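Q: For the protein sequence lines, the chains are R and W, in the order given. Residue 148 in numbering that gives the first Met the number 0 sits at position 149 of the first sequence, with consecutive numbering throughout. Residue 148 in numbering that gives the first Met the number 0 sits at position 149 of the second sequence, with consecutive numbering throughout.
Note that these hints are calculated values from the structure, not bench results. Just so we're clear, the structure is a prediction, and the values are computed from it rather than from any experiment. Since no wrong hints were added, every one of them can be taken at face value.
List time: in silico EDC-like cross-link candidates among lysine to aspartate or glutamate, alpha-carbon distance up to 20 Å:
1. R/LYS275 to W/ASP372
2. W/LYS366 to R/GLU272
3. W/LYS366 to R/GLU273
4. W/LYS366 to R/GLU269
5. W/LYS366 to R/ASP184
6. W/LYS157 to W/ASP322
7. R/LYS248 to W/GLU344
8. W/LYS370 to R/GLU273
9. R/LYS137 to W/ASP352
10. W/LYS30 to W/GLU308
11. W/LYS370 to R/ASP184
12. R/LYS223 to R/ASP111
13. W/LYS370 to R/GLU266
14. R/LYS224 to R/ASP27
15. W/LYS26 to W/GLU48
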Amino acid sequence: MPPKTCALCENAKAILKRPKTGQQICKDCFFYVFETEVHNTITQANLFARGDRVAIGASGGKDSTVLAYVLKTLNERYHYGLHLFLLSIDEGITGYRDDSLETVKRNQQQYDMPLKILSYDELYGWTMDRIVSQIGKKNNCTFCGVFRRQALDRGAAALNVDHIVTGHNADDIAETVLMNIMRGDIARLGRCTSIVTQGEDTIKRSKPFKYAYEKEIVMYAYFKKLDYFSTECIYSPDAYRGHARTFLKDLEAARPSAIIDIIHSGEAFEIREEIKATQKIQQTCKRCGYMSSNDLCKACTLLEGLERGMASSGITDRARKKLDAEGPLPENLRTIPFYQPPSGNPNPTITIGS
Amino acid sequence: MVSESCGNPSVETEAIMSRRPKYDKSKFCIKCKLNSGAIIVRHAVYCKECFPALLSYKVKRILEPQINSKPELSRKKSLKASGNLSIGFSGGLGSTVLLDLISRIYLSHRTETKKEEGVTKPRGGKDHPRNEPVWKMVSVCYVEIASGFPGMSDKTQKIHQLLQENYESLEFIPIRLENAFDLSWWDKVGGKAALDANTDLTSDELFVSTAINSPDSDPVQKLRSYISALPTPTAIESAIHTLIRILLLYTARSTQSSHLLLGTSLTSISIKLISSISQGGGFSVREEAQEEWNPDSKGAVRLIRPLQEITLKECSMWAWWNDLLVVGKEKYPRGKDGIEALTKEFIIGLERDYPSTVSTIARTCAKLAPKVDAAGLCILCERPLQPGVQEWKSQISIRATKEPSPPSHSSDPSSVLHSLTSYLCYSCHTTLSSRSSKGVSRNSANTSLPLPVWASTHLQGLLVDVAITDMQPNLKEADEEIWLTHKVNPDEMKEAIGEFLLE
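Based on the sequences and whatever the hints tell you, model everything.
A: Below, the structure is given as structure tokens:
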């Protein structure tokens, strides 16, 4: 069979089949469409303003490695005028982050971007290894997830950036849409497809890879020869998410557009007005100042449980009542430092790690 | 060899762990609290005697607020539909149970006299002969799909016989899938004859060519070309569902029906919702549960799924206890590779471990509404059209770096060329254009898809005269609110801004 020509430029030899569209295209056209689609996503949603200080949530995995590269490329090509930073969180899981953090450090040098690494240990006084040794392998994703979200915001505040971008890709978002429908999480379903999330006094967060297929991110890293680490968390994989991911992969195999189709569906609907009215209003945590739906934010609740040796109090209502019955908060209890949203001061208030 | 002290955990867990009871409190019926239970419906136990009341209650709860022409949540007025009733019957479990329940709740007591302890009593109360029935006439519609797939057996006769034996008073209306391409059927249900329209699937622009319809064109042949031109098994599955739905709706209207009932169970509706969302149908998520159909303002038909709170398991028990004969539905070739079949397998598997999954899905989706107002109707599925779909698609999934041009073989001056894309909803456009690496064989080289009669008619209404189009590409039709656009070429642009150019 004669070699196929690229379906886009109709000139060069096609060397890949595009996962998103099934078209057979050449390498240069692939780079062009991949980067342009990310650029379109950024410009359509008006993600950035000239002069913005933007932190890339960098884990050393494929998504954030490619995101750092593409953002740097687009920033130069289209003159976004952004100041880019790398921000990494060290959860304190032996053997999980070590190699990936090395990647991030290498990226810092390759891309000439300042890097800040913030650890759970530094912020909460607990590493994930210690949390797991206290609570066992069940439910620890709750701790890690809640702690990471807040750690990123706090790291960003320390870097004095306006905006955090994360490497969430189209597969992640489609999977979250399905999962939120299947478990009836209306509040999250309403916001999981938004490209930007921002509370009143939290840092703006966005997902420029919202429409980028995981397979294409890998393909981009492969052709650009970017190196990254693929690491599976050694603690408790989320069984339900695992089901949803397998299902999504099957759908993608049946029809590759399924991922983007699910996101389109998620963007087309919203929660009905009368249901919205019944949802909780956002407030700030009385103890640490971070955004919260209750008097205490989830991270403070979880941390208090850990400190007082009743870790499950952050997870179930019954355990929380038991904790409350034990008496008031001991005076010497370790708490999370009070959260200060970025002040707009152009100079970072902390030293940037090397 | 496994040592005895360590044991074999995979075997022993089953032996040591006591099974969690499937019901919450006791094994006695939750309703009468006397009989021991016969079926567990999401942790609640019911006996065989109380079960019919449960199903009847669930059907009424969905259906009755929608019977009078103005939907009402708390019913005070008597039930009186503004038209007749059509029931879509596929021969599957859901529609068999639906027909049985509807006939028991609303129809049977009108033709029978009440017998209690051997004594015949006159009908009284709500059933008193002076009270008019909810619907004057009830018809059962069956769509036979066999012609679309060579080798598939035709069940019309079997279904007709079944209905005659069990539901004598109901009118049987057989419909065939090829009716969607049949002008005489279209004429019969009150449609206006249209040009023959074909769309070319080689480009995402879906260029349409129209020609004068030859009355002898064979609907079966057209149906088969329609199916063979579709690019994926998912597309075939979803296109057939759409054809069946619209055939039923037009038929219902031709029988002056105000209501069309379908036997979609809670399990099926959850599968349908996830599958539709996975095919980009988020904008019409409400229509999956219930819809008010009135595409040309000639009379509305309310499509209701009265079994939407009854699981497949409950349906099976009902059919089993009442000896209902389920004819069954034919599966089409390669159907198992489609998104709907994958979703079905996934949801049914998930429900085993997480028993509330199906009801959670349905309840979650019931809390959703489209974000923006619709910009008309999709000409293929006649559901609301979301504006801005094509712009969205082209931004996030670049499929062409050059401007597409109409296919060369259609350069025949007698045919009209237009892109179909702006008249299709996201789902239908995806159905026609999204390809797969493991797609249906394209060797047949059939990329010309004949449009169903209603789509051709809508299209004809939307497109303005060729001559006018050529002269005024941006003419807005006064009645139809549709813009025709064309790409401005560089010469045209230069002409427009010529006076500002220095060279």
